[in-house]
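Enquirer: Each chain is listed here by its residues.
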Amino acid sequence: MELDHPSFGKVKSLGFPIFMSDSPARLQSLAPCKGQHSGQVLHDLLGYSEDAINQLTSDGVIA
Amino acid sequence: MTKALEGIRVVDLTVWFQGPVAAQHLADFGADVIKVERPKGGDQGRGVRSIKALPIGDWNQYFLVINRNKKSMAIDLKKPEGQEIMYRLIEKADVFLSNMGLAWLEARNLSYDKLKAINPRLVYATNTGYGRFGGVDKPAFDMTVQAITGAMARLGEPGQPPIYLGMGSGDAYGGIMSALGIMLALYQRNRTGEGQYLDASLYGAQLFLAAPYLQSFLAGNAKSALQHSRKMVENPLWNVYPTADKWIYLCAENTDDAFARLCRALGAAELAEDSRFQTVDGRRAQSEALVAALDSHLEVKPHGDWLEAMQAQGLASSPINNLADVAKDEQAWQNAYFTKAYCEEVKREVDVRGLPVTLSKTPGEVATLGPQLGQDTEILMMDLLEYEWDEIEAFKAKGAIP
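In the order they appear, the protein sequences are chains G and P.
Going letter by letter, the first sequence gives residues 1 to 63 in my numbering.
Going letter by letter, the second sequence gives residues 1001 to 1402 in my numbering.
Careful: at least some of the hints might be erroneous.
[What the hints assert, rightly or not] Restricting the straight-line Cα-Cα distance to at most 25 Å, the calculated cross-link-like pairs of lysine-lysine (BS3-like) are:
| # | chain 1 | residue 1 | chain 2 | residue 2 |
| --- | --- | --- | --- | --- |
| 1 | G | 12 | P | 1223 |
| 2 | P | 1340 | P | 1361 |
| 3 | P | 1246 | P | 1301 |
| 4 | P | 1223 | P | 1246 |
| 5 | P | 1301 | G | 10 |
Read the hints as simulated data drawn from the structure, not as lab findings.
All of these numbers come straight from a predicted model, not from anything done at the bench.
Based on the sequences and whatever the hints tell you, model everything.
Expert: Structure, rendered in structure tokens:
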């Protein structure tokens, strides 16, 4: 199947080995950039404040 | 001890390898797997000796290992009465698994629509040869499928015949894909209360087994489709080499440091100083010469000496074992990748493939090897399907069960 990648444009990727009638697999994105979702996960999932996240970033704990 | 899949019942209408091995993974971890077989001869895997195509040994390991931990019912599904028994089984089942053709299932009134109407919670799983869509419906064997994946064509020395992986890899991997699909659908069903249809094919599984090469080709590396010679490689430090006794695989990055360590391991001071091999690019460009030089160095001592020397230099390498080596490998036994089971056929304990996944609280188990054909037909008809004995006699009289 084909997918748009932010840096590489259109890329061809292997699809899925298993067919499922009601909950098919889907390709939403290729592998993320390193730490692309660090802030989002800390904020949305783990409930960290913006300040705490900035602190962790400047301390080099997360990137 | 509790089992991971306790309470999950699987109706296993499969023959030969891919289908049976999928259900075997579920049975190993505690699913109640009921193998449904034709009364005359049962699963063709039982008669694998008579076709004399596969090396079997003194007990039928082909059938007995992938059908371990299962029960067997013999039912003639061509008869309406046989289908009636099957429907009652489906009412009590969580999963229906079959690697029979779709037309075969349709002819016996076992289509997805039919079984879903009986049990909406049912997970209906098929194993096709080439996938659910696209219309290809020719006989599928491990070899016919592997042949079209591109994997065989790129193996072997250039100009030499293509190489069949030769380990039933498509069947085995197809079985894992099928078991994975079933677990996904069961998880979804537990959330929604609704089963679904799923298919895992030999073709799909093999393409994913070939994933690294195939994806490399998709990404534009045309060379990844071609046969490659071990005598001329991108990185001579990542290659197979002969020793005085067996081949070894060396896996080191093409860096100056790794090359220096390799030369120390080999005691090859002249290689370390050879002007052709001083840089990453030099080693790549001169790979034919470097491989030849490494060949002649490594050929003079047995692999054990070299592996020790390489390990001392922090280089990863492995002996290229044969099956006799690995069957003795303590590491594989310690992890239960091999285990022992009692075999009725030869009345002794035999060595079998064990469990590929290690669970801390609910480990798998090999309790029994494959069942006798139809050994559980009557008991399951009474205890599980709640037929009266005179009904069972009537089914026998009709020839629906033996």
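Enquirer: Would you pick out the hints that fail for this structure and give their numbers low to high?
Expert: 4 and 5
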